[in-house]
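J.: With the hints as extra help, turn the sequences into a complete structure.
Order-wise, the sequence lines are chains A and B.
Numbering of the first sequence is given in the numbering used here, commencing with residue 1 and proceeding in unit increments.
Numbering of the second sequence is given in the numbering used here, commencing with residue 1001 and proceeding in unit increments.
Hints listed in this document are in silico derivations from the structure and should not be mistaken for laboratory results.
Treat the hints with care, since some could be wrong.
To be verified - Dumping the calculated DSBU-like pairs for lysine-lysine here, alpha-carbon to alpha-carbon at most 30 Å:
#1 A:LYS9 - A:LYS73
#2 B:LYS1057 - A:LYS65
#3 A:LYS22 - A:LYS57
#4 B:LYS1071 - A:LYS9
#5 B:LYS1057 - A:LYS22
#6 A:LYS73 - A:LYS22
#7 A:LYS9 - B:LYS1011
#8 A:LYS65 - A:LYS22
#9 A:LYS73 - A:LYS57
#10 B:LYS1011 - B:LYS1057
#11 A:LYS57 - A:LYS15
#12 A:LYS57 - A:LYS9
None of the values given here were measured: they were computed from a predicted structure.
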Amino acid sequence: AQRVTQPEKLLSVFKGAPVELKCNYSYSGSPELFWYVQYSRQRLQLLLRHISRESIKGFTADLNKGETSFHLKKPFAQEEDSAMYYCALRGNYGQNFVFGPGTRLSVLP
Amino acid sequence: DTGVSQDPRHKITKRGQNVTFRCDPISEHNRLYWYRQTLGQGPEFLTYFQNEAQLEKSRLLSDRFSAERPKGSFSTLEIQRTEQGDSAMYLCASSLGGIENEQFFGPGTRLTVL
Chain A
1 AQRVTQPEKL LSVFKGAPVE LKCNYSYSGS PELFWYVQYS RQRLQLLLRH
51 ISRESIKGFT ADLNKGETSF HLKKPFAQEE DSAMYYCALR GNYGQNFVFG
101 PGTRLSVLP
Chain B
1001 DTGVSQDPRH KITKRGQNVT FRCDPISEHN RLYWYRQTLG QGPEFLTYFQ
1051 NEAQLEKSRL LSDRFSAERP KGSFSTLEIQ RTEQGDSAMY LCASSLGGIE
1101 NEQFFGPGTR LTVL
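T.: Right under this line is the structure:
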């Protein structure tokens, strides 16, 4: 079965500190992994996807198939990064997206 | 086009009543998704349309739930004989399909069943 876990419900860091939001998944094939973000009073939106291999707003994420992880990282957190972050997976077949429970990132001044 | 819209934004109903939600996707998007989100959880996939065809349904979608997209544009999600456990945020998303396939989410409809 497809499953996404995000072990931290809340992560607090100080401005300028590095941040890593953890995501682990279980899937027997080669999934597509995503990070979605929801800022306060805004809609859920795509932050980045592993196939794009790009950095968005300073965030990067590397798919580690050996550890079945897709952790989100940023070297220097900013206050405007405070938001809810969801890791999501889409399997090889179909459009069934599976989301993790989310991690709330709080960047303190 | 200001993105995906959903109506109503909030719905309070009594247990046993039927409710219907509407989603208007971004106009050129042929894919449309419904999700349910409860407190402290991420969105849970309910169903997916490609144009007017409903191609996938989650096992979460009991027979009290039905979704339609009659002309391949807007979609409706109906819940019959609502139960308190149906209280949640119902999210709609649309995408263009293809390799990029980025989903654009609507603001959601918050359902409260009393």
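J.: Looking at the structure, which of the earlier hints fail to hold?
T.: Of the numbered hints given earlier, the structure breaks just one, which is hint 4.
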